[in-house]
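Chemist: If you want the building blocks of each chain, they are given just below.
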Amino acid sequence: STSANEAAISEEDKQKIAAIDWLVFDPSQRAEALKQSNAVMRTFLATRKYKACREVFNKIPSDSIDVITKNWQSQAGSAPQLPEDDNAIREYICVKAYLDAHDAFNDWFEHYHNAAPSKPTIAPSATFQERVKHEHEVKQYEQEVDRWQYSLILQSKTVVECIYNVLLFPDGGWMVDQREEEDDMGDSGRTHQMMLLRQLCIPSMCSLLHSVLHNTKQYTRCIQLADVIASEEHQLYKVFRKEELQRLLQMMRESSLQLLDDNKDPLGY
Amino acid sequence: LGQFLDSHDHLSWLHDIQMNSYSKAHDTLKRLAFKETEQFSRKKTLISLSKLSALASDEVQEDEIQDLIDEQILLAHQEALPVNVLHSLQIDQDTMPPFSAMNLIQLYCSEHNSSSNEYDFKKSLDLLSYVSKEDAEYEELKLHIWCQSIKKDNWTQIQGPEPLASCEHTIFFRTLGLAYDQGLDLHEYLPDIDTLLSSDELGDLRDSSHFQYLIRAGYEQIERVVT
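Residue numbers (our numbering), protein chains in the order written: chain S, 1 to 269; chain X, 1001 to 1227.
Hints listed in this document are in silico derivations from the structure and should not be mistaken for laboratory results.
Glycine included, every Cβ here is placed at the ideal spot set by N, Cα and C.
Treat each hint with caution, since some may be false.
Chain X residues, not near chain S, derived (Cβ > 12 Å throughout) [as the list claims (entries may be wrong)]:
| hint | residue |
| --- | --- |
| 1 | V1083 |
| 2 | L1184 |
| 3 | L1197 |
Pairwise CB distance ranges (calculated) [what the hints assert, rightly or not]:
| hint | chain 1 | residue 1 | chain 2 | residue 2 | range |
| --- | --- | --- | --- | --- | --- |
| 4 | X | Q1018 | S | Q15 | 47 to 57 Å |
| 5 | S | E254 | X | T1195 | 53 to 63 Å |
| 6 | S | P117 | X | A1080 | 45 to 55 Å |
Here are the computed lysine-lysine pairs in the PhoX-like style, where the Cα-Cα straight-line distance is at most 20 Å [unchecked claim]:
| hint | chain 1 | residue 1 | chain 2 | residue 2 |
| --- | --- | --- | --- | --- |
| 7 | S | K264 | X | K1035 |
| 8 | X | K1024 | S | K242 |
| 9 | S | K35 | S | K70 |
| 10 | S | K14 | S | K51 |
| 11 | X | K1123 | X | K1133 |
| 12 | S | K139 | S | K119 |
So that you can see chain S by itself, here it is in the shape it has in the complex (with noise of 0.2 Å):
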């Protein structure tokens, strides 16, 4: 199992992900599909069920963009899209930076618990061939450790650049419409949902790159996380409870406290 607890996947999940299959079957129905399949993605990210997340959006073919706007060329010539199909497409866009972090994540976390090659040990009772074979295997146990350690440096750079894709996603916010709508859908749920995902997924996002931070002794970064958080550019701030804020700064805490350790001030300098 992996670190940012997953939920099962039931029986009707598998159904909702079975059924996208014939919502993207008409290409002349693609935006109605993906706005379908963003319905189902956002239950599925607000349950913790990133699997079945993942499943339906590999499910929404690549080039689903360009379709929906050639339909709609086709259909309204050179007529700016409808508003709801651009948020639409937007959300999507959300969504697979989302997930593409989480995933980067997972990858790391993967790698930083499970891959770090094991030190190999010796009895004090071991006899001189049994040493020599030793000190082979520590020389190589060394060895692994440095790619070990290279290629965790080249992963945490890839989940933090992920997670800052989602975190300072551009015009407005991750899952922030950009157009109004004209609220004869019925759909104003989907705001009001988008908006919980927000508060959900943000301050979890934050916590993830401060972890991944961490662990990598990126103490200063872990400080310089407050500057985007706080920051009134982007506004995070706004979606975190105040409880949410206390773990985040003893967060904080704990990486300024390995500052203090390596001979600097509480901020890193």
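Since the structure of chain S is provided, determine the placement of chain X on it from the hints.
Modeler: Leaving out everything else, chain X in the frame of chain S:
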């Protein structure tokens, strides 16, 4: 331990957070931030941490958070300084100190900001709200901003049958337009016309009756729109 740490602000907030005293941590971090004169990025992070502590606490008042937001906006103005201004003054973005609003106005309006436009001058006017009106430099800075905006254009070349229409393209009038559109109180932010036209900063322009005529006509127009 708490008592010992009280005299060590730079560490005590860590203790406060551990003790769940978020409003105390907010206070200390804020004090540290306002004392910080060496490192821009350190000041920024202290403000951020202070704000998060305030939001994590049950006691901190709205206006205390607003103080921090105002400070963040000031810091954001510094972060947005054009690269060429920093370059020409050999300021390293990674190690620069926090600048005062007054310094920032000077930088935004300076000749080093060769590509400055109405947005830079409007920013300078916004920054003026960080300077106390009782400050001796307040009126001087206000005058400085407008004089510098005037000096961006070559006024003696504005001729033709409708010189007033041509004026609309000058940085001075574009700044005025932008300030008006964004709801700035022009009575407050525009200097008295005679003070402006007799300012030393304008140099030879002061003696040009053509220039004087254009600015006076422009002022009259604004007067009509504003009142």
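Chemist: Each hint should be assessed against the structure and marked as holding or not.
Modeler: Hint by hint, here is what the structure shows:
Every Cβ of chain S is farther than 12 Å from the Cβ of V1083 (chain X); the closest lies at roughly 19 Å, confirming the non-interface assignment. For L1184 (chain X), the condition that its CB be more than 12 Å from all CB atoms of chain S holds, with the nearest at approximately 20 Å. At roughly 39 Å, the least C-beta separation between L1197 (chain X) and chain S is larger than 12 Å, which holds for a residue marked as non-interface. Range check, Q1018 (chain X) to Q15 (chain S): about 49 Å between beta-carbon atoms, so the 47 to 57 Å window is met.
The hinted range of 53 to 63 Å is satisfied by E254 (chain S) and T1195 (chain X), whose Cβ atoms lie roughly 57 Å apart. Distance hint check for P117 (chain S) and A1080 (chain X): the Cβ-Cβ separation is about 47 Å, which falls inside the suggested range of 45 to 55 Å. Distance check on the hinted pair: K264 (chain S) and K1035 (chain X) sit about 19 Å apart at the alpha-carbon level, within 20 Å; holds. For the hint pairing K1024 (chain X) with K242 (chain S), the CA-to-CA distance comes to about 16 Å; that is within 20 Å, so the pair holds.
Straight-line distance between C-alpha atoms of K35 (chain S) and K70 (chain S) comes to about 17 Å, which keeps the hinted pair within the 20 Å bound. Restraint check for K14 (chain S) and K51 (chain S): the C-alpha separation of about 11 Å stays at or below 20 Å, so the hint holds. With a C-alpha separation of about 17 Å, the suggested pairing of K1123 (chain X) with K1133 (chain X) holds against the 20 Å cut-off. Between the alpha carbons of K139 (chain S) and K119 (chain S) the distance comes to roughly 10 Å, so the proposed pair stays at or under 20 Å and holds.
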